[in-house]
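As they're listed, the protein sequences go chains A and B. Per the working numbering, residue 1 is the first one in the first sequence, and the count goes up by one each step. Per the working numbering, residue 1001 is the first one in the second sequence, and the count goes up by one each step.
There may be inaccurate statements among the hints.
[To be verified] Once the Cα atoms are required to be at most 30 Å apart in a straight line, the calculated DSS-like pairs of lysine-lysine come out as:
(1) Lys1104(B) x Lys58(A)
(2) Lys83(A) x Lys1083(B)
(3) Lys71(A) x Lys1058(B)
(4) Lys104(A) x Lys1058(B)
(5) Lys1058(B) x Lys1104(B)
(6) Lys58(A) x Lys1095(B)
[As the list claims (entries may be wrong)] Partial pick of chain A residues on the chain B-facing surface, computed with a CB cut under 8 Å:
(7) Leu36
(8) Leu45
(9) Leu48
(10) His56
(11) Pro61
(12) Pro109
For the record, the hints were derived by calculation from the structure and aren't laboratory data. C-beta atoms are modelled at their ideal positions from N, C-alpha and C, and glycine is treated no differently.
There are 2 protein chains.
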Amino acid sequence: MVNYPNGRKFIAEKAVSVSAVKRKTNESYGNRGMTLEDDLNDSNLYYLSRGIAVIHKKPTPIQIVQVDYPKRSAAVIKEAYFKQASTTDYNGVYKGKYIDFEAKETRNPSSFPLKNFHEHQIRHMEAVLGQGGISFVILRFASTDEVFLLEAARLLDYWVRMEQGGRKSIRKEEIAGAGRQIQVGFQPRIDYLKILDDLYNLSS
Amino acid sequence: MVNYPNGRKFIAEKAVSVSAVKRKTNESYGNRGMTLEDDLNDSNLYYLSRGIAVIHKKPTPIQIVQVDYPKRSAAVIKEAYFKQASTTDYNGVYKGKYIDFEAKETRNPSSFPLKNFHEHQIRHMEAVLGQGGISFVILRFASTDEVFLLEAARLLDYWVRMEQGGRKSIRKEEIAGAGRQIQVGFQPRIDYLKILDDLYNLSS
């Protein structure tokens, strides 16, 4: 039996997904027991099941160090580590358009720290824009449950401002002005495609 | 020190990627020491570095069962299993178009077994076509090092034929007729975008 650092017991018999592991260790998402990732996965499943869009979260990249191959049973990974992603987490297709985004949340009530993104992801977003794809981030302020969509081009502006010695975060007022707030609903919980319809005239 | 089933020693000190693990266990790819996956990753890196396209292989999906959180060091995955993918392995954007494909190879010299694909992937390709994306498979005959691009719509025809009681594979002549052969080159090794330029009039 292995315990989490917080002393909670880990039930090794029950296989859990990476997102479930993350959920167990994520204390920032209030009492709903749902992470932003869960809400987006549910929304994407809603879109998929209704033929609205095909958008998936990529699997978490894992660096595998040791694998056992027991006779007559499945290969077992015995040692592996979480790896930094070189792209964004979500991508897919909607009305013929390539869709690519990253989702992040913060407990900071008034600004979004840019350290939530890393250089690789910023370069990836630039490359996607260069190919005519639609790229953005979904930002959630956990303390107030406010969710915003900010286009990658705007995020890049704030990234450049930081590189030039400016602030290392984006103020919430800036996000509200440069981006669009997404009202959190029921089905789908985070209807980001409605925002894209509006921004890119896709609603017809 | 842990050994592979074939007795080869596993160097636990050196972290290896999933594709490297696959390469070690893949005996079907002749003497080049390169898998079809390696060739496609190299080709995608070529496209990316020249600003031609942004196409990546998705990480291998892993079902995590047990994670240790040692004090002051990275989380270690102690038990995990390879999971079946629910989508195709590769996707991205090229000249504004959503690109989505799966790559498979066979040692069978004369036909490609359809068991190389599973139902989830077939449904995914249908869904991508429904959203106006470009979907296809890259098929390699290992014995002759012949590589073909076959559009998903054609693959679906052969899948339906199988479901209606027909053959469980596609003859190589059928693939050569319905698809396009890709000449294996140097840079990029597998220039599948050139085929797409031609099929979808993207070359302008």
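Hints, verified against the model:
1. Lys1104(B) x Lys58(A): holds (20 Å)
2. Lys83(A) x Lys1083(B): Cα-Cα ~18 Å, so holds.
3. Lys71(A) x Lys1058(B): holds (28 Å)
4. Lys104(A) x Lys1058(B): Holds, because 20 Å separates the two Cα atoms, which is no more than 30 Å.
5. Lys1058(B) x Lys1104(B): This hinted pair holds, its Cα atoms lying about 15 Å apart.
6. Lys58(A) x Lys1095(B): holds (22 Å)
7. Leu36: violated (20 Å)
8. Leu45: Status violated, d = 11 Å.
9. Leu48: holds (7 Å)
10. His56: This interface hint holds because 6 Å falls under the 8 Å limit.
11. Pro61: holds (4 Å)
12. Pro109: violated (28 Å)
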